[in-house]
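Enquirer: One-letter residues, chain by chain:
Number of protein chains: 2
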Amino acid sequence: MEYEGVSPEHGAGSLRRIKLTLAYNGTNFCGWQIQKNDRTVQQVLQDALTALHKHPVIVTGSGRTDSGVHAIGQAAHFDTTLASIPAEKFIPALNTLLPEDIRIRKSVEVPETFHARFHAVEREYRYYISLLSENNPFTRPFTHTVADMPAVRLLNTYARIIAGTHDFTTFSAAGDTSKTKIRNIGSAAFYMEKGQLVFRIKGNAFLWRMVRSLVGTMLELAQKSESPEKMLEILNAADRRFAGTTAPAKGLFLYRVSYA
Amino acid sequence: MEYEGVSPEHGAGSLRRIKLTLAYNGTNFCGWQIQKNDRTVQQVLQDALTALHKHPVIVTGSGRTDSGVHAIGQAAHFDTTLASIPAEKFIPALNTLLPEDIRIRKSVEVPETFHARFHAVEREYRYYISLLSENNPFTRPFTHTVADMPAVRLLNTYARIIAGTHDFTTFSAAGDTSKTKIRNIGSAAFYMEKGQLVFRIKGNAFLWRMVRSLVGTMLELAQKSESPEKMLEILNAADRRFAGTTAPAKGLFLYRVSYA
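For the record, the sequence lines run as chains Y and A. Oh and the first sequence: position 141 is 141 in this note's numbering, straight run, nothing missing. Oh and the second sequence: position 99 is 99 in this note's numbering, straight run, nothing missing.
Check before you lean on any hint, since a few could be wrong.
Claimed, not checked - SDA-like cross-link-like pairs, simulated, lysine to any residue; straight-line CA separation at most 20 Å:
| hint | chain 1 | residue 1 | chain 2 | residue 2 |
| --- | --- | --- | --- | --- |
| 1 | A | K250 | A | S133 |
| 2 | A | K250 | A | E134 |
| 3 | A | K250 | A | R126 |
| 4 | A | K250 | Y | F138 |
| 5 | A | K250 | Y | N28 |
| 6 | A | K89 | Y | L132 |
| 7 | Y | K179 | Y | D167 |
| 8 | A | K106 | Y | A147 |
| 9 | Y | K202 | Y | S178 |
| 10 | Y | K106 | A | F138 |
| 11 | A | K194 | A | T139 |
| 12 | A | K194 | Y | N136 |
| 13 | Y | K250 | A | T27 |
| 14 | A | K250 | Y | T169 |
| 15 | Y | K106 | Y | R17 |
| 16 | A | K250 | A | E193 |
| 17 | Y | K181 | Y | G216 |
| 18 | A | K106 | Y | K179 |
| 19 | A | K194 | Y | V152 |
| 20 | A | K202 | A | A249 |
| 21 | Y | K89 | A | E134 |
| 22 | Y | K106 | Y | H53 |
| 23 | Y | K106 | A | L131 |
| 24 | Y | K179 | Y | G216 |
| 25 | Y | K36 | Y | Q46 |
| 26 | Y | K250 | Y | D101 |
| 27 | A | K89 | Y | N136 |
| 28 | Y | K194 | A | E193 |
| 29 | Y | K89 | A | V146 |
| 30 | Y | K194 | A | K250 |
| 31 | Y | K250 | A | K106 |
| 32 | Y | K36 | Y | D66 |
| 33 | A | K106 | Y | K106 |
| 34 | Y | K250 | A | T139 |
| 35 | A | K106 | Y | S133 |
Think of the hints as simulated: they come from the structure by calculation, not from any bench.
Excised from the complex, chain Y in its bound form:
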C-alpha cells in the first residue's frame, strides 16, 4: 500500500474532516448501516479506513440505503488523523483496499463542522424499470422488470401530484419511526433513457422505503389506467393500506446528495 509508511498523527489540532462521494453496487450488501454479521457498506468502508489509519475510524453517511439498493453518489464523512495525505489521495488509497463493488469517486476536505446527514439539503433518487424482454444480462439485474411498459405521459400525471410538501404517510413503511411524515419533494418525473423507464425524484429527505412505495403504487395505477385523481386520493388518505406493492430494491439508486 502506497501510504503504509504514513504514521497517524494524533491530537485535536491535526484532525481533518473528509467528505467522500461513493458509488456501490448494492446487490451483495445488506444495505448501508452496520449490522452484526451482515456485509454492509458502512462496515466495509470503516474496515478500509481503519486499515489505512491503523486505528478505528467511524464513517457517517448522508443516510441509510436498504439492502440491495445501489448508489451512484452516496455521501459520507470521517475525521482523519493522517495529516500528510492530501484529501484527494484517499481515493486511490481506499479504492485499493475496498472490494470492487464499492468505489470512492471523490474525496475533499470540508470544515470540521460539516455533517454528511444534517447538512444534506437535497437527495436525488433514480429508479430504473425495464421490460421483462430486456435481454442485456449486464444491466438487467439493476432494473425492476415489468411485462408491459406503461405510458410515460400517464405516469407523469401521477408524479406531478407528488411534487410539493405533503404528508407521505401512505408511502411510509411499517415500523417507520419518523416524528413527522411530512416531506418536501422538489421534483418527480418519469422519462425514457436507452430503452429503460426512469423515475427521478428529488427532495429534502425521504421516509423509509418511500421511493419504492411511490414507484410501486404509480406502476399499479398505470396498469389500471387510473386517473391522477386516484393518485391524489391515495396520497390524501394518509394511510399505508392505500399504497401499492413496494417496488423491489434492485431498481433503486441513490443518485446524488447535495449540500448548501
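Put chain A on the given structure of chain Y with help from the hints.
Expert: The following block gives chain A in isolation, referenced to the frame of chain Y:
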C-alpha cells in the same frame, strides 16, 4: 409457464433446427462447456430447454468460452420437437426459465443442416481495459484494470502485425490440442470508447486463450515502449515462452459470431 400446455410431438418429420443468439455475464459460470459439478452456460441452457421440451435437449455452441469470459453474441443451435412454437417465441419461453445472467437475444429457424460451430465463418471478440482509478462499480468488474493507460497508437502498431494468416503458436495455451496453430485474423485494432480501452479482433477461429495471450503480450510491450519489430519477433518465434502474461478472463467478450 406460457408453453406448459404444448405437448412434444416426436418423429423426424417434426424436428426443426433453431439457432439462438445469446448474451451472458460469465462471472458466475465455469465457462460454456458442460463439466461435472460446475455451473456452465451450456448446462444451464440445456436444463432450460429440457424443462421446456420435457425431454433431454442437446445444445451445440459456436465454440467454448472459458470460465469468467462473457458473451454479447454467442451462437448455438438445438433441434426442437415442439412443432407449434414459432421460432421467436423461444426467446420469452427460455428467458422465463433462465437465470438473469443468461439472456436469449434472438431465435430463428435454420435449415436442418446448419451447424453453429462448423458453419461459423467469423468470430469477433472484444477485450475491455480500464484504469485502476475507474470508479464505476457496475462496469469495472467487466474490465481488466491497468495502472497507466497505454497509447492507442503504439498498441495499434503491434495489432497490425496480428492481422493476416499466421502461425499463432506463441499465443496458444499449454494443453492446446489443435492440429494446426495457423489462424486467419481479419482485423485487430485498439480504440477508446467511453473512457475504456477496447481491443477488437475478428478471425475465422482462435486458439484456446489466444485473445487473452495477445492482449497480455501487447500491454506488456506497450509498457516497455517496445517497437512493433519486437511483436513481430515474438509472433515469428512460434514459441509460447515468448508471450506475455495472459490477460484475465473478466475483460473478454465473445461479441459476435457470423455465418455465411
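Enquirer: Does each hint hold? Answer for all of them.
Expert: Hint by hint, here is what the structure shows:
no. : hint            : in the structure
1   : A:K250 - A:S133 : holds (17 Å)
2   : A:K250 - A:E134 : holds (15 Å)
3   : A:K250 - A:R126 : holds (11 Å)
4   : A:K250 - Y:F138 : holds (13 Å)
5   : A:K250 - Y:N28  : holds (19 Å)
6   : A:K89 - Y:L132  : holds (14 Å)
7   : Y:K179 - Y:D167 : holds (12 Å)
8   : A:K106 - Y:A147 : holds (18 Å)
9   : Y:K202 - Y:S178 : holds (19 Å)
10  : Y:K106 - A:F138 : holds (17 Å)
11  : A:K194 - A:T139 : holds (11 Å)
12  : A:K194 - Y:N136 : holds (18 Å)
13  : Y:K250 - A:T27  : holds (19 Å)
14  : A:K250 - Y:T169 : violated (46 Å)
15  : Y:K106 - Y:R17  : holds (14 Å)
16  : A:K250 - A:E193 : holds (18 Å)
17  : Y:K181 - Y:G216 : holds (19 Å)
18  : A:K106 - Y:K179 : violated (53 Å)
19  : A:K194 - Y:V152 : violated (29 Å)
20  : A:K202 - A:A249 : holds (18 Å)
21  : Y:K89 - A:E134  : holds (15 Å)
22  : Y:K106 - Y:H53  : holds (19 Å)
23  : Y:K106 - A:L131 : holds (16 Å)
24  : Y:K179 - Y:G216 : violated (24 Å)
25  : Y:K36 - Y:Q46   : holds (14 Å)
26  : Y:K250 - Y:D101 : holds (14 Å)
27  : A:K89 - Y:N136  : holds (18 Å)
28  : Y:K194 - A:E193 : holds (17 Å)
29  : Y:K89 - A:V146  : holds (18 Å)
30  : Y:K194 - A:K250 : violated (25 Å)
31  : Y:K250 - A:K106 : violated (26 Å)
32  : Y:K36 - Y:D66   : holds (15 Å)
33  : A:K106 - Y:K106 : violated (41 Å)
34  : Y:K250 - A:T139 : holds (16 Å)
35  : A:K106 - Y:S133 : holds (11 Å)
The structure fails to meet hints 14, 18, 19, 24, 30, 31 and 33 from the earlier list, while all remaining hints are met.
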